[in-house]
Amino acid sequence: MANPVSLLAPALIPSWNFFDVIAASPRVEYALADARDAVLDAWTEFRPRPQRLSPVAMLARLFWNARWNESLFLVSCAERLVEEPTAHGEDEIFRRIAADLAGQPDAAPWLSFRLLFIDPTGEREVLYQAAPRRLADLDLR
Amino acid sequence: MSFDHALRLTEALLALALVQQSLEHLRAFRHERFLFGVRIVLCLLVLVGVASPWPLVALAGLSLLILQRFQGPYNGGSDRLGLLALWCVTLARVLPVEQWRELAFGYLGVQLMLSYFISGWVKIVNPDWRRGVALRQVFAFSAYPVAESLRGWAGRPRLLVAMSWAVMLFELAFPLTMISQPSLIVGLVVAATFHLVNACLFGLNRFFWTWLAAYPAILWLQQRLF
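Residue numbers (full-length UniProt numbering), protein chains in the order written: chain A, 1 to 141; chain B, 1 to 226.
In short, the hints are calculated from the structure, not lab data.
Keep in mind that the hints are not guaranteed to be accurate.
Said to hold, decoys possible - Short, incomplete list of chain A residues facing chain B, as computed with Cβ under 8 angstroms:
1) P10
2) A11
3) F18
4) P50
5) R52
6) L59
7) L62
8) F73
9) I118
10) E125
To be verified - Rough simulated footprint, nothing fancy, chain A against chain B, three-plus residues with beta-carbon under 8 angstroms:
11) 67-73
12) 212-218
These numbers come from a predicted model, not from an experiment.
A virtual CB, placed ideally from N, CA and C, is assigned to each residue, including glycine.
Make the full structure from the sequences, and use the hints.
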């Protein structure tokens, strides 16, 4: 775990290089299974964006944008996981997928996720796949 | 705008921006609810001006716990400016010498100016930005467009070239707006509109509120320097 002072330093001495290079972009996909060693072949995109969003909804998100900001946080976790895998990044993604699935009592008991990266040419590549975890074991408090 | 007025306005706007962000975390997990619940209380104390500067000092300390919790800023650049603004206004309140307090607050104004200029510079030296290709990629495959229908903008190359150049030229020209107070105000209105468009198209609402909160710092700095 990085210490908080080292995490603060880039904020106090910022680089401001927003969007200097458009890198490959991650999508989080998850799969459910009945057993830990089951073959995972039915991947679902986590929180796909809506087809359309009205201007009123866009403006309303100025004031309340919790799910979208959480999804952007998962993008950061995904990028960090591929650069330098940590338990923290994997835990964050598992917990937030599991929290969304908590309203589905009939969901299969084993959960896995993978990180699909789309590069500027449109090529898609899976760069990370997490070992399955039992939904019941994930801490959602 | 006097130093005290600008500092008070910045800390109040920042407190409101942090309350807005913190409310979004109250729907999450217990540990997050606790951290951000405490942050809301401290922000309200800053807003009403109770026990100054201690709520700011506590917010700065809490920011370290939040950084530790997420192993970095929760939402990238917007949270970074929020952290910078928080630490600058805290130092501007607690440092013992007036010139040091002005230096801390002025640093926020300088960084705000650099946030536009450097963003423009790193784009214009990239041929993909100059040709509109980078913005096409943002719309075509990045994680930012808030709706699938916006991906269709990737197929409008002339519009994207125009948008790319408008953004780059505005960002690069921003320091020139500091020549006078009216020109800076015009520059900040254009910049706020830019953040509003980003909030609508890419869901970057935190940028809008956080950058707005820092505007009094650059307005004060302009008066102090010119």
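Each hint tested on the structure:
1. P10: With a minimum Cβ separation of about 7 angstroms from chain B (threshold 8 angstroms), the hint on P10 (chain A) holds.
2. A11: The hint holds - A11 (chain A) has a Cβ within 8 angstroms of chain B, the shortest such distance being about 4 angstroms.
3. F18: 5 angstroms, holds
4. P50: Holds, about 5 angstroms.
5. R52: 5 angstroms, holds
6. L59: Since the shortest Cβ distance to chain B is 7 angstroms, the answer is holds.
7. L62: 5 angstroms, holds
8. F73: With a minimum Cβ separation of about 5 angstroms from chain B (threshold 8 angstroms), the hint on F73 (chain A) holds.
9. I118: 5 angstroms, holds
10. E125: 13 angstroms, violated
11. 67-73: Holds, because 6 residues of the stretch 67-73 of chain B bring their Cβ atoms closer than 8 angstroms to Cβ atoms of chain A.
12. 212-218: Violated, because only 0 residues of the stretch 212-218 of chain B bring their Cβ atoms closer than 8 angstroms to Cβ atoms of chain A.
The earlier numbered hints that this structure contradicts are 10, 12.
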